[in-house]
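Spelled out, the chains give:
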Amino acid sequence: MSRRGALRLPPGPGSPGSQARFSIPAAAFRAAALIQRWYRRYVARLEMRRHCTWRIFQSIEYAGQQDQVKLHDFFSYLVEHFTPSSNHERDFLNRVFTEERFPQDAEMEKFSDYKSIEVPDNYTGPRLSFPLLPDHAAALVEAFRRKQQLHARYVLNLLHETRKHLEQLPNITRVSTCYSEEVTVCGDLHGQLDDLIFIFYKNGLPSPERAYVFNGDFVDRGKDSVEILMVLFAFMLVYPKEFHLNRGNHEDHMVNLRYGFTKEVMHKYKTHGKKILKTLQDVFCWLPLATLVDEKVLILHGGVSDMTDLELLAKLDRHKIVSTLRRKTRKENGKQATKEKATPPSGAGRPTPWFLPQTRSLPASPLRLGASGAPRAGRSSSIPCSCPADAKEPARRARRSVDLELDRCRRQAGLPVSPAQGEPLLCTPEADSEAEEPPEPTQEEWKQVVDILWSDPMTQDGCKANTIRGGGCYFGPNVTEQLLQKYNLQFLIRSHECKPEGYEFCHSRKVLTIFSASNYYEVGSNRGAYVKLGPALTPYIVQYQANEATHTLTMRQRISRVEEAALRSLREKLFAHSSDLLGEFKKHDADKTGFITLSDWAEAVESVLRLGLPWRMLRPQLVRSSTDNTLEYRSWLEDLAKEQLSHENIQSSLLETLYQNRSNLETIFRIIDSDHSGFISLDEFRQTWKLFSSHMNVDITDDCICDLARSIDFNKDGHIDINEFLEAFRLVEQSCPEGEASDCRQATSTTDGGCSKPGTH
Amino acid sequence: IIASEYHKKIKDAFEVFDHEANNTVDVREIGTIIRSLGCCPSEGELHDLIAEVEEEEPTGYIRFEKFLPVMTEVLLERRYRPIPEDTLLRAFEVLDPSKRGFLTKEELIKYMTEEGEPFSQEEMEEMLSAAIDPESNSIHYKDYIAMMVVDDS
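Line order of the protein sequences matches chains P and U.
Take 55 as the starting number for the first sequence in this note's numbering and just add one per residue.
Take 1002 as the starting number for the second sequence in this note's numbering and just add one per residue.
Just so you know, the hints here were simulated from the structure itself, not pulled from any lab data.
Honestly, I wouldn't trust all of these hints.
[What the hints assert, rightly or not] With a cut-off of at most 27 angstroms between alpha-carbon atoms, the simulated DSSO-like pairs for lysine-lysine come out as follows:
{"hint": "1", "chain 1": "P", "residue 1": "LYS295", "chain 2": "P", "residue 2": "LYS322"}
{"hint": "2", "chain 1": "P", "residue 1": "LYS586", "chain 2": "P", "residue 2": "LYS350"}
{"hint": "3", "chain 1": "P", "residue 1": "LYS350", "chain 2": "P", "residue 2": "LYS201"}
{"hint": "4", "chain 1": "U", "residue 1": "LYS1012", "chain 2": "P", "residue 2": "LYS518"}
{"hint": "5", "chain 1": "P", "residue 1": "LYS640", "chain 2": "U", "residue 2": "LYS1143"}
{"hint": "6", "chain 1": "P", "residue 1": "LYS295", "chain 2": "P", "residue 2": "LYS586"}
{"hint": "7", "chain 1": "P", "residue 1": "LYS256", "chain 2": "P", "residue 2": "LYS295"}
{"hint": "8", "chain 1": "P", "residue 1": "LYS627", "chain 2": "P", "residue 2": "LYS640"}
{"hint": "9", "chain 1": "P", "residue 1": "LYS540", "chain 2": "P", "residue 2": "LYS369"}
{"hint": "10", "chain 1": "P", "residue 1": "LYS564", "chain 2": "P", "residue 2": "LYS540"}
{"hint": "11", "chain 1": "P", "residue 1": "LYS277", "chain 2": "P", "residue 2": "LYS518"}
{"hint": "12", "chain 1": "P", "residue 1": "LYS564", "chain 2": "P", "residue 2": "LYS518"}
{"hint": "13", "chain 1": "U", "residue 1": "LYS1012", "chain 2": "P", "residue 2": "LYS641"}
{"hint": "14", "chain 1": "P", "residue 1": "LYS277", "chain 2": "P", "residue 2": "LYS256"}
{"hint": "15", "chain 1": "P", "residue 1": "LYS277", "chain 2": "P", "residue 2": "LYS564"}
{"hint": "16", "chain 1": "P", "residue 1": "LYS169", "chain 2": "P", "residue 2": "LYS369"}
{"hint": "17", "chain 1": "P", "residue 1": "LYS350", "chain 2": "P", "residue 2": "LYS332"}
{"hint": "18", "chain 1": "U", "residue 1": "LYS1012", "chain 2": "P", "residue 2": "LYS627"}
{"hint": "19", "chain 1": "P", "residue 1": "LYS641", "chain 2": "P", "residue 2": "LYS627"}
{"hint": "20", "chain 1": "U", "residue 1": "LYS1012", "chain 2": "P", "residue 2": "LYS640"}
{"hint": "21", "chain 1": "P", "residue 1": "LYS553", "chain 2": "U", "residue 2": "LYS1106"}
{"hint": "22", "chain 1": "P", "residue 1": "LYS328", "chain 2": "P", "residue 2": "LYS218"}
{"hint": "23", "chain 1": "P", "residue 1": "LYS627", "chain 2": "U", "residue 2": "LYS1067"}
{"hint": "24", "chain 1": "U", "residue 1": "LYS1009", "chain 2": "P", "residue 2": "LYS646"}
{"hint": "25", "chain 1": "P", "residue 1": "LYS169", "chain 2": "P", "residue 2": "LYS322"}
{"hint": "26", "chain 1": "U", "residue 1": "LYS1009", "chain 2": "P", "residue 2": "LYS641"}
{"hint": "27", "chain 1": "P", "residue 1": "LYS324", "chain 2": "P", "residue 2": "LYS218"}
Please build the complete structure, drawing on both the sequences and the hints.
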């Protein structure tokens, strides 16, 4: 940011110090001005580098999120269009693509059963007893600070109690500054326990006088997501009136598959991890969706849309929203389409899937905002005594809430929960066969939740689909204004986006983004922050950076460090697209000189990678050797490869493709590995790759896949350990052991247009 | 041909700060953009440039359509050339008439915050953090320049 200094003339005769100054000629003035001018340019260039670095991280992060969505599109697409060529494939597909039935309560009891788990005598970690006391919660923080791990039994016990508590909470929590004078709101933590500990250290532990709201995204990416959840849940049980949590888009088992939380749990809890994950899946669904402070400040994770309806949000059954990424579908059959209970679609036939870009124009008058959709016939979770006999829609909803209510009653009475089939219904005359299905969110309900968990603010007016994230929308200042007016609010607090300073105001200070994971992308990349609200509801922001080292670095050093990390990621991505890049470069080199201009380089790279990055600005960091504005592209690509690979002979498009799709592959593997064992069979690997490659238009023969699979199965037991497989492709530090170098080469060589069989292992 | 090359460079630099992808940037970022394109204007010159690209009624945002032609002109005319190393060295020497080879921290602060186009406190602190040798509490400007120049390329 440039700073404008005013030009000052040397002080006149009467001013202090002027005696000495009179003797300094104007040359000194000019010299100082020159140094300042030079220095400001230096700083500006650093600023530019910092911004470019930021953009790199963000675009890679969001591209990853888009991929996630594409992956689910891919699955849905296959479910609808793929014709399995054999029973084998059909079974495989069914297993992968059919969502497991959401466990009924009886099954849930089995999953969260902790009483049967024994804690060994030599266990030295923290122990919990219920009901929890404040000291226990504080002791838990201390134990985690000392790197202890909580035993699975206590984890499950705590989750069990947490769920019981959460079930009683409304969708929108109400907080008042009358009771606890100040409320502290924290944003994304993403598994960074150091930041949470720092917040408690600096701001104080939760207490009846010190209320806290944690605004979602407690897990994923960082390495201590489990511990963060334990601490947050413990304090919530200890101070139920003062400690509040909102659900974020990462409190979602499907997102966790990709972003590290599932992995962390299975790694820390090898025996009971699956139970823990299943229980958590349930707990996440019970997290409240938003918090309202003094009826004036709305706190939610992502943002809002022009369709956001707080009344609907308050009334829907939030427990039905299992994942915001995939709308639950029943076991696959054609009836699903006709049973779509969406609000009337715009065109004939099925409504446009939410993940496809759609522009929404703002309705002309604010009054229309609340009037869309079917009339809400006073839906609540209590049993309606009479339902309108004519309108089918409210009746269906009523029936569903009846089912839910019956289930709840049964559970409370200790009776076994029976499936909803064939249950006599209390009030509706028309009982179609549809009544038997388990409850599902409607399209509208689901979209409402997706919007508040995924949306981002933008500076322009309007509301358009958030194509970068693949979910929710971008909302403009007018959308904010209308919402605030409609519900008589003062401002919004949200999180969801990393900000260099840990916070950011926008929409004329009506929207505050608060982000509490410092050094999120890399050490030194950003500060974390939290905000305090007193009775006057004036936001007071506290920033921090939970790493001592960063304080002692100069701006220049900090930027270099983060920049290096960003550039490393970027170079990995470039390498992963080597063949495409080569193809693109050749197009710019019609005369086959082997050279292209740097400008062509920038164009080519953008058209392949599509990250929307300022390549010309980044060029000096990515292209070391270039003479008079041209680049010898083949040797540049070779240099890239040399950096990424430990020995020169692993050059193959197969490897590249795998590397390129590494994170997608990991996600797919985790979905297939439904028992979270960490292993998939060779056959499953083959099937997966076949499906994946057909969708990605990668031309790889069956034989090559087999060979590759076999060569990766190092211990030859017919199973591939997911982690080892992926490690093998983490190419920067890996070196192929001597004995297998030749095997690797043979197994992966595709340049001859076929596959050679691997040599003897 | 050169002009179109400049256009692409300018567009890239502009886009880094175009957070909403709507071809506008905050006016406070214009200085950074201009300087990263290789120019080295003084604050006064920057003011003038901003006045040229601002709207009639300043909105706080600069539009690309207005910025591009002005900036292209600047690059074509090679205005606001960067300062060569030896010129910079001579500037420091002017402030160090007794040719000690260094400036004390106090002297540096005095010159940078009271002369020329004074630094803000933030700018001063940042420069001190990298420039001052903590043991002697002074800046050995020749070494400093050498270090910064390497960094820059």
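Do the hints match the structure? See the list:
A hinted pair counts as satisfied when its Cα atoms are at most 27 angstroms apart, and LYS295/P with LYS322/P does not qualify at roughly 31 angstroms. Of the pairs offered as hints, the one joining LYS586/P and LYS350/P holds, with about 15 angstroms between alpha carbons and a cut-off of 27 angstroms not exceeded. For the proposed pair LYS350/P and LYS201/P, the alpha carbon gap of about 40 angstroms is over 27 angstroms, so the pair is violated. Restraint check for LYS1012/U and LYS518/P: the C-alpha separation of about 25 angstroms stays at or below 27 angstroms, so the hint holds.
Distance check on the hinted pair: LYS640/P and LYS1143/U sit about 46 angstroms apart at the alpha-carbon level, beyond 27 angstroms; violated. Of the pairs offered as hints, the one joining LYS295/P and LYS586/P holds, with about 17 angstroms between alpha carbons and a cut-off of 27 angstroms not exceeded. Proposed proximity of LYS256/P and LYS295/P is supported: the alpha carbons are some 22 angstroms apart, at most 27 angstroms. In summary, the hint linking LYS627/P to LYS640/P is supported, as the alpha carbons are separated by about 19 angstroms, within the 27 angstroms threshold.
The suggested pairing of LYS540/P with LYS369/P holds, with an alpha-carbon distance near 18 angstroms, which does not exceed 27 angstroms. Between LYS564/P and LYS540/P the alpha-carbon distance is near 14 angstroms, which keeps this suggested pair within the 27 angstroms criterion. A distance of roughly 34 angstroms separates the Cα atoms of LYS277/P and LYS518/P; the hinted pair therefore is violated under the 27 angstroms criterion. Restraint check for LYS564/P and LYS518/P: the C-alpha separation of about 19 angstroms stays at or below 27 angstroms, so the hint holds.
Of the pairs offered as hints, the one joining LYS1012/U and LYS641/P holds, with about 23 angstroms between alpha carbons and a cut-off of 27 angstroms not exceeded. For the proposed pair LYS277/P and LYS256/P, the alpha carbon gap of about 22 angstroms is at most 27 angstroms, so the pair holds. Our distance criterion of 27 angstroms between C-alpha atoms is broken by LYS277/P and LYS564/P, whose separation comes to about 34 angstroms. Between LYS169/P and LYS369/P, the direct Cα distance comes to roughly 35 angstroms. Violation of the 27 angstroms bound is thereby established for this hinted pair.
Restraint check for LYS350/P and LYS332/P: the C-alpha separation of about 36 angstroms exceeds 27 angstroms, so the hint is violated. Between LYS1012/U and LYS627/P the CA atoms are separated by roughly 24 angstroms; this keeps the pair inside 27 angstroms, and the hint holds. Straight-line distance between C-alpha atoms of LYS641/P and LYS627/P comes to about 21 angstroms, which keeps the hinted pair within the 27 angstroms bound. Among the hinted pairs, LYS1012/U with LYS640/P is consistent with the structure: their alpha-carbon atoms are about 25 angstroms apart, no more than 27 angstroms.
At roughly 34 angstroms between alpha-carbon atoms, LYS553/P and LYS1106/U are farther apart than 27 angstroms, so this suggested pair is violated. A threshold of 27 angstroms between alpha carbons decides the hint, and for LYS328/P with LYS218/P the separation of about 20 angstroms falls inside it, so the pair holds. Among the hinted pairs, LYS627/P with LYS1067/U is inconsistent with the structure: their alpha-carbon atoms are about 35 angstroms apart, more than 27 angstroms. Using a Cα cut-off of 27 angstroms, the hinted pair LYS1009/U and LYS646/P holds, with the two alpha carbons roughly 25 angstroms apart.
A threshold of 27 angstroms between alpha carbons decides the hint, and for LYS169/P with LYS322/P the separation of about 20 angstroms falls inside it, so the pair holds. Restraint check for LYS1009/U and LYS641/P: the C-alpha separation of about 20 angstroms stays at or below 27 angstroms, so the hint holds. The hinted pair formed by LYS324/P and LYS218/P meets the criterion: a straight-line CA distance of about 26 angstroms does not exceed 27 angstroms.
In this structure, the earlier hints numbered 1, 3, 5, 11, 15, 16, 17, 21 and 23 are contradicted, and the remaining ones agree with it.
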